[in-house]
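Visitor: All chains, please: the whole structure from these sequences, using the hints.
Number of protein chains: 4
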Amino acid sequence: MKRIGVLTSGGDAPGMNAAIRAVVRSAIYNGVEVYGIRRGYAGLLARDFVEMSLGSVGDIIHRGGTILRTARSEEFKTKEGMEKAVNNIKQLGIEGLVVIGGDGSFRGAAELAKRGVPTIGIPGTIDNDIPFTDYSIGFDTAVNTVVEAVNKIRDTATSHERTFIIEVMGRESGHIALYSGVACGAETILVPEKPYTIKGVCDKIMSGYKRGKLHSIIILAEGAGNAFEVGQKIKEMTGLETRVIVLGHLQRGGTPTAFDRILASQMGGKAVELLLNGVSDKMIGWVKGELVVTDLEKIFSAQKPLNEELYNLASVLAI
Amino acid sequence: MKRIGVLTSGGDAPGMNAAIRAVVRSAIYNGVEVYGIRRGYAGLLARDFVEMSLGSVGDIIHRGGTILRTARSEEFKTKEGMEKAVNNIKQLGIEGLVVIGGDGSFRGAAELAKRGVPTIGIPGTIDNDIPFTDYSIGFDTAVNTVVEAVNKIRDTATSHERTFIIEVMGRESGHIALYSGVACGAETILVPEKPYTIKGVCDKIMSGYKRGKLHSIIILAEGAGNAFEVGQKIKEMTGLETRVIVLGHLQRGGTPTAFDRILASQMGGKAVELLLNGVSDKMIGWVKGELVVTDLEKIFSAQKPLNEELYNLASVLAI
Amino acid sequence: MKRIGVLTSGGDAPGMNAAIRAVVRSAIYNGVEVYGIRRGYAGLLARDFVEMSLGSVGDIIHRGGTILRTARSEEFKTKEGMEKAVNNIKQLGIEGLVVIGGDGSFRGAAELAKRGVPTIGIPGTIDNDIPFTDYSIGFDTAVNTVVEAVNKIRDTATSHERTFIIEVMGRESGHIALYSGVACGAETILVPEKPYTIKGVCDKIMSGYKRGKLHSIIILAEGAGNAFEVGQKIKEMTGLETRVIVLGHLQRGGTPTAFDRILASQMGGKAVELLLNGVSDKMIGWVKGELVVTDLEKIFSAQKPLNEELYNLASVLAI
Amino acid sequence: MKRIGVLTSGGDAPGMNAAIRAVVRSAIYNGVEVYGIRRGYAGLLARDFVEMSLGSVGDIIHRGGTILRTARSEEFKTKEGMEKAVNNIKQLGIEGLVVIGGDGSFRGAAELAKRGVPTIGIPGTIDNDIPFTDYSIGFDTAVNTVVEAVNKIRDTATSHERTFIIEVMGRESGHIALYSGVACGAETILVPEKPYTIKGVCDKIMSGYKRGKLHSIIILAEGAGNAFEVGQKIKEMTGLETRVIVLGHLQRGGTPTAFDRILASQMGGKAVELLLNGVSDKMIGWVKGELVVTDLEKIFSAQKPLNEELYNLASVLAI
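Protein chains in written order, with UniProt numbering: chain A, 1 to 319; chain B, 1 to 319; chain C, 1 to 319; chain D, 1 to 319.
Since the hints were made in silico from the structure, they are not lab data.
Virtual Cβ for every residue (Gly too), placed ideally from N, Cα, C.
Some clues are possibly wrong.
Stated by the list, open to error - Here are the simulated lysine-lysine pairs, DSBU-like style, with alpha carbons at most 35 Å apart:
#1 Lys213(D) x Lys233(D)
#2 Lys235(C) x Lys213(D)
#3 Lys210(B) x Lys213(C)
Claimed, not checked - From chain D, some residues computed to sit far from chain B (all C-beta separations above 12 Å):
#4 Lys2
#5 Glu75
#6 Asp140
#7 Val143
#8 Lys213
#9 Gly239
#10 Gln303
#11 Lys304
#12 Ile319
Guide: Shown next, in the form of structure tokens:
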């Protein structure tokens, strides 16, 4: 193997740069050249390539976002687009491709693999909704960003004796909400995977106030309801003042945590090792404290379950 | 003077605790007792008092919010409420009152002063919209909170080549928007004090993109337009993807900056000194690097102007 | 079981409060009373007890240190001290004890267990040097603290083109050095487990400079040499300006990361469950993504190995 | 004026990049070209120049350090060096020079001015020891860095009931120590400007402990004594456990605060305005809330006094 490519695709996630760095340095360490493909599959079609050196990934391990940038590409999803992509890869002499991204990005990767391009996926998405990996790159940072935000809100919530509803990312999954909710000691955690009633939420708030609590923090995954509606209904039912904060894109940014940098570094190194060993059409996961390799195909039909033990613990601790 | 009182009122602001600490310690240093009045004027009516000791304000200088809490009181604005408040103060033997808060809180303070209660106001509000002081307690922290948030957004904005509209606090004034906008190097700063057109905003964005910029940051004071509408219009006019973040109550919280802690400490110490010297019905301001005392009455009829020099500099630097 | 006790012992670690909270709330949830024992074994001897309520552990999950405090006790290590401790526990009606701390604290716990006090250990130490657990409470926070410090130093290192030696905690183990070194992208990581020569370190630095690097970051565990001596020798051998920073106790403090809070919450909940099930003389570990229980005795004779894979990866990435 | 130059010299300070950006953008806005001179006066002699564009200062406002880097130059202090520097400036067509740095850097600037190079100085040093300006660029960030460090130490200090001595920068001046000490609520602040006795320090600590304090924080400017010796003597005299932290170069780094970015932006804009107006041999200061211009010569013979009011307030508040 003489030359590989690396791209980031889908929503950006903190730690993607650490993964790019690890891919580039591991490859060069093994005598393999690396081309960076800018703006994901769109750049693959537009031949937006750049040769990567050791220095080109210097001083990026601590930066959020992705130096290769990311974009959507409708053309890539067409038959013509796919063929053009394969041609570009071949013309450039790229003999292996590392795709850092989420579910959608891996579908593209699997298509390329079918067409003879050796491809390895690295899970990078703050949502942590990719099955067959306990953590995806960016999740730990996003959870810590929520936790820091709630730290700030806690002060003002106590001062005003208010109920705060914090909406976090997660349209179809409550991973960020659950982990950050436990970490913040939130009174209530609302996730799409678990039905709830406003009355139940209000009962919990009121029992806390009766016990002398001066504020109440509710963490709501965006897929579990509209934060403003939830806030309004709680106000109507309890008479308490509620405030809503939608954290939104704040969760995507920021310097990655140590955990995300290390995870990304390990996955990047492993991706190169796999390509060198002739492996293709796989995703690298972090499962029970180890790097584990899974067929890309298996990912598309599976769903990542919520951490039930942690969800139950949350109820106990918010007694 | 044997005993004074201190309360926080209106929206909470980081640094209020440092001011409370300074009032308490300066008073005790001068042999004067201090009562904390909880929940602002509401607590004054409800006799929600607590005697403060040196230890009661230990380990609070770094905490956001206010340990005395704050609340609104409609009753206090009535004639009966005001009389009740004055009676409570006299019965408790409070011979001077320090009110930490904003414009609305000072109106109450001025009324009490008229009724014979020596009263000193300390400006505490993140909005920095109080005239006769260059800085109010909490402003520096709020500006830094915005700056940190934009740091995070910058990563993801660059990665996706997007335009971000960040809505910050300021219904009638653009102080937070202006200071944080300059500090972030925002392309565009929209404040209520200055008219603007969406077309002008779009022209600026497009000229940046033509020069090779990968993202655009717009800071919008809440009083200068609805962030979502502005984002939608920019998208329509430029074709660029826009994203909106409303920072909201995040700006109220957090551990206060060194500047806010020092400012609050100085103002708290000065408030006690003034009461001991028989001064009343005044606000302490920080004007051109010095503590300056102003009649409360003057504040209600004045308006704090936007920093024009800084506004002009912002345009030059965002060339 | 009607009543249990909880104490923190040894060096404090961020996340200990989250563990205390989880012990208290899980116990109360299960109808069991909890006594907090202040200042570790010293407080056990001095009967420095406090009954814990739901509210007593409110608003502590985000605080560094330990609200129960910690101290050393020579008396506890004597036969008389041990008997006194057992008596105090029995007189107070404590039927189970949770000990949050490190190796030394667990020796005391094992002694108590031998004398009939059901005891569960929770690993809390920033050093992460306890075997049979992949992570101890506080390690993730400490590593992130080092990473943040290096972020700051990186700026000034680049500006001055200097070599920085950062000494981190770890007298006998290089866990903090290794994890933070990988996360920072340090050029060189020096740990007690791995021999090294100054010449080797200098060769690496010089090859980086030849490649155009503007700074060099060396992470040194305190057990791997004196930072000032290492700095001096590098200067002599390379002629480069070196600077030394000893992070010291900074690493113990700070608000715990989400990871540490969640880990601590899980371990605290599990400790109560084990006591309720009649288990004793065990430590709870986090092994390969799961809570795993180990005999306290086994811990004393084992050593926690350095993560060899990560150590090797570090060399590859610092090429 | 067609072309100006800008350089950073001496120790780096957070905010220097914001000043560089402001110089470059203000100049280009006014139709003037800008050359960056790398590595201070050393680069001036070595002709290490780079033309600056609007884009070259994009995305740097939030970065610590200085993109132009800094270095010492012994050659520049010689007569030959100075002549060479003037020649290089003239050959490059530089008609005005902005020097961002401290006292030593300004001496060089004044020499250049004498030789016919219009020169303006911008005070950039974390120490804040330059007279005729209330704040120099980087001071606010450094003070906040100390405050954050003490926040972390406070947790562990309380948990162990220990006395911490924190050594901060300031060989001949106690500005960082005083401001950070007030902001942290330190029990004791030791600065070179004020004599003290260890006995006095110990009396203060003991009176705090008697009042129930669980920890004691002493902020020591490096010029006011050796932190380890002070710690040892306190231990001997009081029997209390002491710990020492030397913050060192941590204080130089980090992303600049909003205050430092705004100050730097204003000074950078003003420097260009002054050069365009034919002004030379001056430093821009921030005095009582305004930009004020002072002869460079006056700076060398003056000393910046400690803020006496703040020093006195510190004693009152640490009662």
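Visitor: All hints are to be evaluated individually against the structure, with a verdict given for each.
Guide: Okay, the hints, checked on the actual structure:
A hinted pair counts as satisfied when its Cα atoms are at most 35 Å apart, and Lys213(D) with Lys233(D) qualifies at roughly 20 Å. Under the criterion of a C-alpha separation no larger than 35 Å, the hint pairing Lys235(C) with Lys213(D) is inconsistent with the structure, at around 44 Å. Between Lys210(B) and Lys213(C) the alpha-carbon distance is near 32 Å, which keeps this suggested pair within the 35 Å criterion. Separation of Lys2(D) from chain B is adequate, the least Cβ-Cβ distance of about 18 Å exceeding the 12 Å criterion.
The Cβ of Glu75(D) lies farther than 12 Å from every Cβ of chain B, with a closest approach of about 35 Å, so its non-interface assignment holds. With a closest Cβ-Cβ approach of about 7 Å to chain B, Asp140(D) is found to fall inside the 12 Å limit, against its non-interface label. With a minimum CB-CB distance of about 5 Å to chain B, Val143(D) fails to clear the 12 Å threshold, and the non-interface call is violated. The Cβ of Lys213(D) does not lie farther than 12 Å from every Cβ of chain B; its closest approach is about 7 Å, which violates its non-interface assignment.
With a least CB separation of 22 Å from chain B, Gly239(D) remains clear of the 12 Å interface cut-off, as annotated. At the 12 Å boundary, the C-beta of Gln303(D) stays outside the reach of chain B, the nearest C-beta of that chain being 19 Å off. Against chain B, the non-interface label of Lys304(D) holds: every CB pair exceeds 12 Å, the least being about 14 Å. Residue placement check: Ile319(D) does not keep its beta carbon more than 12 Å from all beta carbons of chain B (closest about 5 Å).
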